[in-house]
Amino acid sequence: MRVLAAMSGGVDSAVAAARAVEAGHDVTGVHLALSAQPGTLRTGARGCCTIEDSRDARRAADILGIPFYVWDFAERFTEEVIDSFVGEYAAGRTPNPCMTCNEKIKFEALLDKAMALGFDAVCTGHYARLSLDEGAPVLRRSRDESKDQSYVLASLTPEQLRHAMFPLGDSLKTEVRAEAAERDLAVAQKPDSHDICFIPDGDTKKFLDAKLGERPGNLVDAESGEVLGEHSGVHGFTVGQRKGLGIDAPAADGRPRYVLSLEPVSGNVKVGNADHLGVTEIDATRPIWPSEQPLEGPTECSVQIRAHGETAEAVAEVTGDTVRVRLREEMKGVAPGQSVVLYHPEAEGDLVLGSAKISATR
Amino acid sequence: MTYLDHAATTPMRSDAAAVMSEALAMVGNASSLHSSGRRARRAVEESREGIAAALGARPSEVVFTAGGTESDNLAVKGIFWARRAADPRRRRILASAVEHHAVLDAVEWLVEHEGAEVTWLEVDGHGRVRPEVLDEALRAAPDQVTLATVMWANNEVGTINPVSELAEVANSYGVPLHTDAVQAVETVPVDFTAAGVSALTMTGHKIGGPYGAGVLVLSRDVECTPVLHGGGQERDVRSGTLDTPGVLGLASAVREAVEDRPRHTDELRRLRDELIDGVRAAVPDAILNGDPGTDTAASGDVRLAGNAHFTFPGCEGDSLLMLLDANGIECSTGSACTAGVAEPSHVLLAMGADAQAARGSLRFSLGHSSTAADVQALTEAIGPAVQRARSAGLPGLRQASVDSTTAPTEV
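Protein sequence lines, in the order shown, are assigned to chains U and X.
All the letters of the first sequence, read from the start, carry residue numbers 1 to 362 under our numbering.
All the letters of the second sequence, read from the start, carry residue numbers 1 to 411 under our numbering.
Note that these hints are calculated values from the structure, not bench results.
Where is the CB? At the ideal position from N, CA and C, for every residue including glycine.
Heads up, some of the hints might be wrong.
Unchecked claim - Example chain X residues on the side facing chain U (calculated, C-beta under 7 Å, incomplete):
hint	residue
1	Asp318
2	Ser319
3	Met322
4	Ser391
5	Ala392
Generate coordinates for the entire structure from the input sequences, incorporating the hints supplied.
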């Protein structure tokens, strides 16, 4: 196959590309330039992927002996990922930009371009197991549970997955690093990336403040309706948040307060004690079924509501365009805008049944 | 392999490579007083004389540098500093909007850090600075101008500027004109004295000479403050031990290029015209950028003999580049200095192109190693490549797919 390897400059995508080469594919490496400030390109660090990352990717491609190019997706990335991230926060939701990037950039903008230019698949260093069963994609958690990224890939459509390649799904991160060292890839010891790539200092609130400005509103006691304080915008809060609420007076019952809900139209941030934080029912919309098999009737499953978050047992059922998830045990910090991913626990790796965006919780 | 990127760099001429290899095996600092030093000095001075003769300058006007970028920086910053020191009212720089980044960024640095003011000289639709534009910019306040800088020939679209006419205008106001002639020397009769310019940049690797060896031709009556300080080896304007092998290789390449120029230029023009015709036959809506004229006008050449620069509507330059590269054809989306990322070319934007057109452009540049087979390979490959690149489209033109924002839901 002709394979386009997306190379971030990290160790995972470098080893993934190496494995694609070794499997006998005709591989071309591409680094995606995602920064919206081309003016800073020649002078130093970018908010997103630095020049250094691009060079690391290039050096890995050199070692693998594959052609390498830098493709500019900055405009698409700004539109589809950053603007949507900011918009979601402004609307009181909590988005996952990595998921959006997979959906809209790596497996849409990049994949579309790759296919048009004659490639058959896009290869990335994601940790997830992907295979085909009679033409239907089968997406599972990776063998390395601590690195599993099936959550952020679960919103890919079957068509996108048919042209995706994740060569690291069966490996542990330690094995991948060891393999990189064996292959003389200089990125073998490069630290893992953690934060949101376009917020390099990790200060999401500062980033959102700069984008959205002041949007004052009230902190309101969810039960009494009493105004407890003011804030500069609902985008500074996430459901389940405890710290940084800026309320001086302690609650009447003396218990810590948490953000329970965000109301962007009124500007109210409702707070209350942990009892109100628990959620037992989730509604989620626009489901994606990676294996093209929508749930039929009430289905026992295991659900996850954030990347690297814990799971809970549940029963899910589809009605129209909505998935209703009844949790067997309470989950805390479930925020609209997040994705709920439904898994079927299996020995060969939990199978991704589907995913949908959380619209309401009870 | 089909190499169509001579404007980026050229294969080294075999004579230049030979004299360099020989010189690399010899010891001798051209500033040393013993016989090895004198031998190196003699080789440098003979090279200097050869280069001066080939470029219509005096030997004392040839300042060796480490290449085009250094020469441009030295000219722009050095003349700015010296002329401002002589008269503090002088702060303005006049620069064409299509200069190479080595000039553009040096000018912008002076604006940011040295209180310089800049007037960007507009170009016409072919990327040319008209003398009346320079005249108008100078007329406003000639006594405040430190220098003007206009490239001899543009590296992207190949348009040749009327340098002697521009120099005449600048000289009439007593303002020195620097010209970056990096792209011009191989195919345009560049004569420093006859052109009347005050400073001229050239470099080795664009004419079949070595990388990292260049010249700033600097008129004897132009003051220039050094950028590099040290031993003052080059007229106290440039410091650093002379790179004797590089200087020898450069001189050899200049001599051969200039001797060959009349024959070579005719040959290149013929090949280039075949290339343009072939590309147009394969892709009828391809747009040739730069001056489409037949190369000569009353004042001389109007387009570099080896340059063909096209916009392919509906294509992204980097898609096309990759597809051609996969077929062994090497070309460029413009200046190679943008860290591997295809930014819209400032040259095309200054010429009035929109950003989409600027991103869908490719430069094919022929040089001393080009053959008819190179042209044929391109004309055969370009049609299918454009067709395929068009299906990949321009990312900016895509409709955003069903968006992820529904009306806010409050819980």
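Tested hints:
Restraint check, Asp318(X) versus chain U: the minimum CB separation of about 6 Å is within 7 Å; hint holds. The beta carbon of Ser319(X) comes within 6 Å of a beta carbon in chain U, closer than 7 Å, and the hint placing it at the interface holds. The beta carbon of Met322(X) comes within 6 Å of a beta carbon in chain U, closer than 7 Å, and the hint placing it at the interface holds. At its closest, the beta carbon of Ser391(X) sits 4 Å from a beta carbon of chain U; the interface hint therefore holds under the 7 Å criterion.
Residue-level restraint check for Ala392(X) holds (minimum Cβ-Cβ distance to chain U is 4 Å; threshold 7 Å).
In terms of the numbered hints stated before, the structure departs from none.
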